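J.: The residues making up each chain are set out below.
Protein chains: 2
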Amino acid sequence: MVKIAIMGHGTVGSGVVEVLTTHVSSITKRANEEIRIQYILDLRDFPDSPLADRFTKSFDVILNDPEILVVVEVMGGLHPAYDYVKQCLESGKSVVTSNKELVAAKGAELLRIAQEKNVNFLFEASVGGGIPIIRPMSQCLAANDVIEVAGILNGTTNFILTKMINEDMSFEDALALAQKLGYAERNPAADIEGHDACRKICILASLAYGKHVYPDQVHTEGITNITLSDVKYADAWGGVIKLIGQVSKTSDGRLQSIVCPMLIPRDSQLANVDDVFNGIMVRGDATGDVVFYGKGAGKLPTASAVVADVIDCVKHLKARKYLFWEDGSKEYVADYLDNEVAMYIRFKAANPDELCRAAEKEFGEITRLLRRDAEPDEAAIITPVLAEREIRAKLPALEAQGAEILNTIRLSDF
Amino acid sequence: MVKIAIMGHGTVGSGVVEVLTTHVSSITKRANEEIRIQYILDLRDFPDSPLADRFTKSFDVILNDPEILVVVEVMGGLHPAYDYVKQCLESGKSVVTSNKELVAAKGAELLRIAQEKNVNFLFEASVGGGIPIIRPMSQCLAANDVIEVAGILNGTTNFILTKMINEDMSFEDALALAQKLGYAERNPAADIEGHDACRKICILASLAYGKHVYPDQVHTEGITNITLSDVKYADAWGGVIKLIGQVSKTSDGRLQSIVCPMLIPRDSQLANVDDVFNGIMVRGDATGDVVFYGKGAGKLPTASAVVADVIDCVKHLKARKYLFWEDGSKEYVADYLDNEVAMYIRFKAANPDELCRAAEKEFGEITRLLRRDAEPDEAAIITPVLAEREIRAKLPALEAQGAEILNTIRLSDF
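Chains A and B are the protein sequences, given in the same order. Positions in the first sequence are counted from 1; adding 3 to them yields this note's numbering. Positions in the second sequence are counted from 1; adding 3 to them yields this note's numbering.
The set of hints was computed from the structure by calculation and includes no laboratory data. Just so you know, these numbers come straight off a predicted model, no measurement behind them. Be aware that one or more of the hints could be misleading.
Same chains, same label: a pair holds when it works inside one copy or across any pair of copies.
Restricting the straight-line Cα-Cα distance to at most 30 Å, the calculated cross-link-like pairs of lysine-lysine (DSS-like) are [unchecked claim]: (1) 120 <-> 321; (2) 321 <-> 214; (3) 32 <-> 120; (4) 6 <-> 324.
Let the sequences and hints guide you as you build the complete structure.
T.: Below you can see the structure in the form of structure tokens.
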């Protein structure tokens with residue numbers, strides 16, 4: 004029997020208890036050991052829980068019990084999660100977490116401690132909820148060079164964009180609906196401003212390329228600027244707008260990484276990832292494009308990923324998993340303005356036709372998008388592929404000729 | 004350094020050599036060991052290969068070299084692959100294979116020998132080519148009860164159906180094109196009659212439910228009966244026809260498993276899996292639907308999956324992976340005629356309207372599909388969900404009234 008502790012009894016934590024207690028026989032068989040929940044750490048009381056006697060308010064009880072070999076951290080947030088996880092690893096306990104904020108901010112440090120102590124630090128649930136992605140990326144794609152990772156990593160924003168695309172709903176109405184359905188928090192900033200997706204692409208980038216990428220190194224834009232007009236122009240172009248987290252290697256060995264809304268062609272495998280679902284594409288030099296799709300959040304999907312990690316920890320108490328990346332460095336991620344992209348530009352002008360001709364002169368060639376019911380003073384164009392810095396440098400010339408730039412959205416390369 | 008042998012130097016075998024020799028540093032890092040190809044077994048000569056000195060025509064050289072710890076079997080076919088693999092495992096060597104025929108026919112036996120000898124028998128490449136599916140299913144979904152697995156498992160037939168659906172090509176023309184492009188063999192029976200997909204669903208079913216399912220236990224239909232008329236009626240219904248391998252658990256603990264063309268609604272995640280791509284849906288009680296998508300065949304994708312297994316073997320020379328299933332039994336798979344499905348039925352009749360009314364009487368209620376350019380003596384209907392046995396029992400009554408049944412296609416439940 005292996006005794007474990009669960010820190011946090013919120014949505015995911017109670018889900019972990021549910022999965023562990025409802026699948027006892029199959030989990031025992033797969034782990035080759037019975038798994039017993041010895042402690043549940045929470046500041047609240049749960050007198051009606053069948054495990055009421057296991058609750059504790061004291062982290063030290065868990066830390067100081069040498070029989071606890073695996074600790075599950077599902078509290079979320081950086082503090083005190085970071086301090087608790089660090090102490091657990093340092094005292095030789097394996098840790099499983101679903102906490103993307105923790106892994107994105109402190110992954111390299113915690114992986115190093117785990118390595119020194121010969122224990123495991125696993126976090127399958129931190130990206131993609133119930134979708135297996137960390138393990139397939141670290142193991143199955145071991146024989147590939149990863150050319151690019153791109154994904155729809157946040158279910159809340161994908162739900163909002165899907166409502167805008169399929170039901171003509173405004174951003175504000177779609178957000179309100181997402182909040183009503185419990186998909187968005189009352190303060191939705193972490194989702195709609197892209198920070199949640201940023202943490203996840205940092206984790207995937209660190210894993211894919213072996214060196215930590217920190218959230219403040221990734222240029223991050225949310226979806227708050229996306230309007231129904233953009234959605235309709237995207238449709239005219241032949242695609243949809245999705246919030247994408249992306250990372251790829253540049254020719255000089257550095258990374259390009261960004262989180263932003265992108266125009267995706269309709270035949271891309273990510274274009275059909277709708278509602279609260281996530282989809283993650285891994286482009287390998289040998290495998291080609293592999294896509295993982297499923298529910299990126301939710302109590303039971305996330306909990307089942309946590310429990311799969313717990314089972315893996317129990318199976319590997321003496322054999323460490325080779326999940327590891329080095330610490331990052333300041334110059335590791337290149338300036339996003341150096342990246343070469345094609346750009347969608349929507350603008351307002353007294354004479355849009357004239358401005359389109361001016362844009363053509365600036366960019367060499369452009370594609371103008373036309374759509375039904377467009378405002379007469381509005382136009383949208385697609386630029387050729389250029390360094391983003393060059394594209395941005397040309398905008399003042401258009402503004403000088405009377406264009407008011409309303410939005411710019413990058414085109415995907417998948 | 005770990006020395007390995009590769010049996011077979013065909014498409015996949017030469018791909019394995021290519022991946023191992025072009026990714027030396029990253030593979031060494033991930034395996035924590037240098038991997039050396041000591042022998043390549045092939046009856047042909049390859050004097051121009053940079054590894055020409057490693058070739059051997061004698062299996063015994065490999066078997067009797069105690070330094071060989073991992074053997075890769077990429078010869079294909081049952082014999083002599085089965086005998087070689089068995090002898091390797093019995094002599095304490097781990098084996099990695101891409102051979103779906105071997106795993107589908109002999110998996111339980113070979114896994115048992117591997118367990119007895121405390122070595123690994125891995126076969127990630129046997130299903131889905133470069134798509135990670137065996138490992139995610141056995142590990143990440145460990146905390147789920149698998150409700151159903153359904154997949155587009157054969158790229159050749161999917162290419163043919165895609166050409167029929169998107170380009171109005173006849174089955175015969177699409178097959179000829181597939182052969183011309185090298186997607187289909189000169190004798191395409193294993194693909195178009197569903198046997199290849201059958202082997203793959205057997206492997207996934209065995210893994211998902213822990214007990215071997217043998218190919219002759221799975222009712223298998225290919226795509227040779229699918230016509231452009233069916234494809235167009237499917238479009239009128241709101242979906243596409245795909246060759247699906249499916250398995251699910253029945254309420255009495257047995258399995259339902261089938262390989263056949265199915266009508267899939269357009270918003271299903273499998274409906275957009277086109278051309279030679281594969282897509283596999285795993286429906287878990289906790290995760291919900293998870294879909295894996297990518298190239299299901301081809302030299303480098305398959306080779307990279309083989310190499311990932313080799314790396315895993317090298318990392319786990321002393322710690323066995325818990326990949327296992329029991330032997331099967333005759334009664335384990337239920338009769339497909341007991342399964343409840345809705346059925347598409349296309350028929351010919353002098354007076355189709357009258358026959359549709361007769362069908363309505365037989366089935367209680369039906370949906371009639373109407374499409375442009377249909378033959379005047381042809382009609383297509385969808386039955387309610389009934390045991391397939393019941394549906395088939397009603398067909399003679401329609402035939403007695405003058406209907407000539409041209410095709411029947413099951414509807415998917417995903």
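J.: Now look at each hint and say whether the structure bears it out.
T.: Hints, verified against the model:
1. 120 <-> 321: both (11 Å within a copy, 20 Å between copies)
2. 321 <-> 214: both (25 Å within a copy, 29 Å between copies)
3. 32 <-> 120: Close inside one copy (27 Å) and across copies (20 Å); limit 30 Å.
4. 6 <-> 324: both (20 Å within a copy, 22 Å between copies)
No hint from the list above goes unmet by this structure.
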